[in-house]
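Chains as they are written, first to last, in the working numbering: chain A, 1 to 169; chain B, 1001 to 1670; chain C, 2001 to 2325.
Rather than coming from a laboratory, the hints here were simulated on the basis of the structure.
Hints should not be assumed to be uniformly reliable.
Calculated cross-link-like contacts (lysine to any residue; reagent style SDA-like; alpha-carbon spacing at most 20 Å) [claimed, not checked]: (1) C:K2214 / B:A1612; (2) A:K144 / C:T2298; (3) B:K1538 / A:L112; (4) B:K1619 / C:T2208; (5) A:K97 / C:L2238; (6) A:K101 / C:T2298; (7) B:K1331 / B:G1445; (8) B:K1621 / C:L2315; (9) C:K2287 / B:T1218; (10) B:K1621 / C:T2071; (11) B:K1117 / A:K144; (12) A:K101 / C:A2054; (13) B:K1621 / C:F2147; (14) A:K145 / C:D2288; (15) C:K2287 / A:S35; (16) A:K97 / C:D2288; (17) B:K1559 / B:T1218; (18) A:K151 / C:T2071.
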Amino acid sequence: MPTVEQPKENSWEPRIIAFFCNWCTYTAADLAGVSRLRYAPNARIIRVMCSGRVDPQFILDAFSKGADGVLIGGCHPGDCHYMEGNYKALRRMQLLKRMMKDMGIEEKRFRLEWISASEGERVKTVINEMTDQVRALGPLGLPKKFAEWDKELESLEHEVNGKRDTIHA
Amino acid sequence: MHGNGYNGTVRIGFYICHCGHNIASIVDVKAVAEYIKSLSGVVVSSEYKYMCSDPGQELIQKDIKEHSLNRIIVASCSPLLHEHTFRTAVEKGGLNPYYFQMVNIRENVSWVHTDMKAATEKAKDLARAAVQRVFHHKSLETKHVKIHPDVLIVGGGIAGIHAALTLANAGKKVYLVERDPTIGGHMAMFDKTFPTLDCAACILTPKMSQVKNHPNITLWTYSEVAKVDGYVGNYKISVRRKPRYIIEGLCVGCMDCIEKCVYKEGKTPDEFNLGLSKRKPIYIPFPQATPQIVVIDPETCIEFKSGRCKKTCVEACDRKAIDFQQKEEIKEIEVGTIILTTGYQPFDASRVPFYGYGKYPNVYTSLEVERLVNASGPTGGELILRDGRHPKTVGIIHCVGSRDKNTNRWCSRTCCMYSLKLAHLLKEHTDAEVYNFYIDIRAAGKSYEEFYDKLLDENVHFIRGRVAEVSDWAVRPSEEGKLIIRAEDTLIGIVRRVPVDMVVLAVGMEPQADSQDVRRMFNISCSTEGFFLERHPKLAPVDTFTDGIFIAGCCQGPKDIPDSVAQAGAAAAQALILIDSGEIELEPNTAYVVQEECSGCRTCLTICPFTAISRDEAKQKAFINEALCKGCGTCVAACPSGAIKQNLFEDEMIFSEIDGLLKMESPACC
Amino acid sequence: MPDKPKVAFYWCASCGGCEESVVDLAESILDVVAAVDIVMWPVAMDFKKKDVEAMADGSILVSLVNGAVRTSEQEEMAKLMRKKSKLIIAYGSCAHTGGIPGLANQFGREELLRYIYEESPSTVNPQKTRPELKVIANGSTVTLPNFFNIVRALDQVIDVDYYLPGCPPTPKLLKQALEVLLSGKLPEKGAVLAPDIALCDECPKKDTKPSDLKFTEFKRPHWMQIDPKVCLLAQGILCMGPATRGGCEGVCISGNMPCTGCFGPPSRIKDQGAKILSALASQVEAKDEKGIDETLATIPDPVGTFYRYGLPVSLLRRKNFNSTG
């Protein structure tokens, strides 16, 4: 049980990478700004022209670099500025979600949302909701885990190096 | 290794904007600038009060020269607002504009967060991502697209008419498409206009006939846009011309055919008079309809229903203009710009059942009253109620379907003023006592408040309070046979019952029922209420997010005639800018195939919705036609072997952003 | 006569197929043997670890190491070979990208050991005995290598100079690689010694792929009679060719079986599985979530399909366990 007085350990805050399409969700985020809606500071937005530009590699890369959650925002079905990019995003993300589940990444760490240019309020709601959900899940912390896994090599490295020294001696 | 200019060394200039207090009050701009200074590649890192101002831009240009900068980053507002400004500044400084990157720390940070520490950290992360990103930026050429000089205007209300005339008078060729048989829109239905009380027809119909006769305007009424293809400067439009069963070139509008129709009396509710009168199957919507061409309604015409009509209309037409075989026709046109002036629909008053519309015959909507008091209306301007009486007392209920959580939350902006106008006209026509039930009187326009004062002098009654109910339930003898309006008079704090002969519901404005279909067809956005969304509420009020498509009038939001006309003029001016400059700059964010890397797997071919990708059969590789590519990047994400790249959004740029955002390093300054 | 260049072969977690592929050089192997001194090749020759240890550092021109790294012994040997060799070639899919053994990264160490020693259908082990790392019996000490938590590709353990992809690499690629190395004209460090273009480029069925492919179902090869002339994707069979490096000359395709991705992705790709997933999913016909899911449900094992040879080098590397797993 985490207690209030955990020494030095900074209180952890989830980090969410958000890919927003230029025409709908990014514009909605601007609207949220103009409307001075307040929401959690945990999401970092990357602007792409279309949710169809979001390569599944981006999502996995974000997780592997330390994101605790990834959010994709696109235009509503039928509203894509590029006709069908959002459907392509949807198809990819449905499969990616399944694959990530098999790889032990909780479904709630990854979200695809349709947010139109007028739905500034929704940007706020989605980011707040997701921040809460990811906070409840706790850190994913893949970089830390990678480092931990690789410790088993370091320990042997030490041993082998030691041996090498004896060979040379 | 990144193909940068200046001996391959990246030299970054980073600028963070205070935006007055907008950013600096929440983001510790000094700390961000200091932190960014410590990053590799950063040569200059400064903060300034207003980066978008001239001195701010000059600062960048000076530094480019003095410090041989070859990458510029500005952390300020949204790129949707000022990316172009800074790119231009960078270009003036002698650098390719695409070496610029913008970081949004206002809309995405300072305006949405309250915690200074968190906001500053976020700003640092975003800035660091940009620093990493610009290493991969490349020099690009701005794309130019030729603008076809013709313009399509959709909707022939006052906004469409005004925009069409403005452009046509400037010598541009205009297609004006209207779905009703006549242009004129709602304004043609009004009696007089506030606050000047000019007769609507007197000021509108000359403009309508100018449209009809203008050599630069092709007017297609009874027509709808069926399909929109292409992009700014080069739109391909299909217009569906519905059959009116009249050969337009032959009909002169003599209306003999209407006279001779086998129906001696009209049997069908007349759309133009909102069902307050009847029309025949062959009709002309109103005397000044433009064009002056009759139309046959196949739903009610006996010939269409049974094929056994005597066709007296055909006999009556000595110009042989009637053609029962007429078919729908599709016209294909090419235009460079489009103005949407598709208007609004009045709120359906039956959605507020407690006001009794549709239940009590003497409850009218404001638009119906416009027809009732109109000299060419169903009663010739005489105010006769549905039950044949002349009203002695009238109650006008404001904000029906406006400022109401249960229906529409917005203010329709025109109802206060037209209610005042109708009060004046009703008094003028009948000398009745007129009661206005209002929430607030919004008379914010030139000479509007004065008009309100005038009405007060005319002894029109004003009761402040939202009406609870209209009923015929009399509790006092004086209420017998009357409609009783029950409302709280909030100024004196009592509930009042006002018996009247006639109730007028001041209905608000709503988006057209098919506005969602229309915006999809034209690939533009709607705001929450469903009105078309402008690019910027203040600085680009008639632009949309789709280049070359403009909006004006009530399709953008409720507004009165002066505002609609002003917007229409503005939209015409915006179109003129494009037409007269002859070409437009496009983002060079198109995708391209690196052919040595392409395996010819055809994945991209199957997914491009713009058929911009084809296969070079000789080389067996994919090839992207830059003119057709719209730059979504979907093919880039789908290319299984990484052979397609997108300018401005290359994989490396996005990966470096991801990396920059997530890198947790302790700031070097601490 | 100057010394012939020294060449070594070593195997880590692998099936032996890579060794066979060396023998598949057929008579060409005689040229190789004539040109070099083989100083280590456990499968074929009787050199010992101590023989290698006795050699000077960097005295071996090139060591071809196949197999993934799963145990401390493999790691130790890999490090030893690295120390003694000028060049290390990761030979075959397992050394290159983790290979089939890498699929074990879908499971935790304990989960694997429990299954192997206690739960697998052919195991009878009521005492739940597990091998001990160190056993002292009759005065002798026997040690076993440690079984690591995860499977690694060779370059996740030691520095690798070149990669020869494939399960196994084709004799042609091996021959070319040896010729290049012996000629001294070394390619750029880190190069994969195969074409940097996807398999479709050299696929014998390339011309039969339509330009308007829309998937409604993915079929499995054993369900149907595959038309030998037509692109497998066009027949609804999941083929990794578009996201897999060519160079194998389409051996599986010619055998009427789809590419399963053993050559790994072209250099531009960070994650082979994510990329083929993106390409295939983009071409699904359905537009609604339900329809999309129905089509995609016909891929029963996305991880095993898309990362058959490359899970350890994928962006996620291994299944994520909230505990250390």
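Cross-check of the supplied hints:
{"no.": "1", "hint": "C:K2214 / B:A1612", "verdict": "18 Å, holds"}
{"no.": "2", "hint": "A:K144 / C:T2298", "verdict": "35 Å, violated"}
{"no.": "3", "hint": "B:K1538 / A:L112", "verdict": "31 Å, violated"}
{"no.": "4", "hint": "B:K1619 / C:T2208", "verdict": "16 Å, holds"}
{"no.": "5", "hint": "A:K97 / C:L2238", "verdict": "19 Å, holds"}
{"no.": "6", "hint": "A:K101 / C:T2298", "verdict": "17 Å, holds"}
{"no.": "7", "hint": "B:K1331 / B:G1445", "verdict": "42 Å, violated"}
{"no.": "8", "hint": "B:K1621 / C:L2315", "verdict": "29 Å, violated"}
{"no.": "9", "hint": "C:K2287 / B:T1218", "verdict": "40 Å, violated"}
{"no.": "10", "hint": "B:K1621 / C:T2071", "verdict": "44 Å, violated"}
{"no.": "11", "hint": "B:K1117 / A:K144", "verdict": "24 Å, violated"}
{"no.": "12", "hint": "A:K101 / C:A2054", "verdict": "49 Å, violated"}
{"no.": "13", "hint": "B:K1621 / C:F2147", "verdict": "47 Å, violated"}
{"no.": "14", "hint": "A:K145 / C:D2288", "verdict": "36 Å, violated"}
{"no.": "15", "hint": "C:K2287 / A:S35", "verdict": "33 Å, violated"}
{"no.": "16", "hint": "A:K97 / C:D2288", "verdict": "16 Å, holds"}
{"no.": "17", "hint": "B:K1559 / B:T1218", "verdict": "27 Å, violated"}
{"no.": "18", "hint": "A:K151 / C:T2071", "verdict": "14 Å, holds"}
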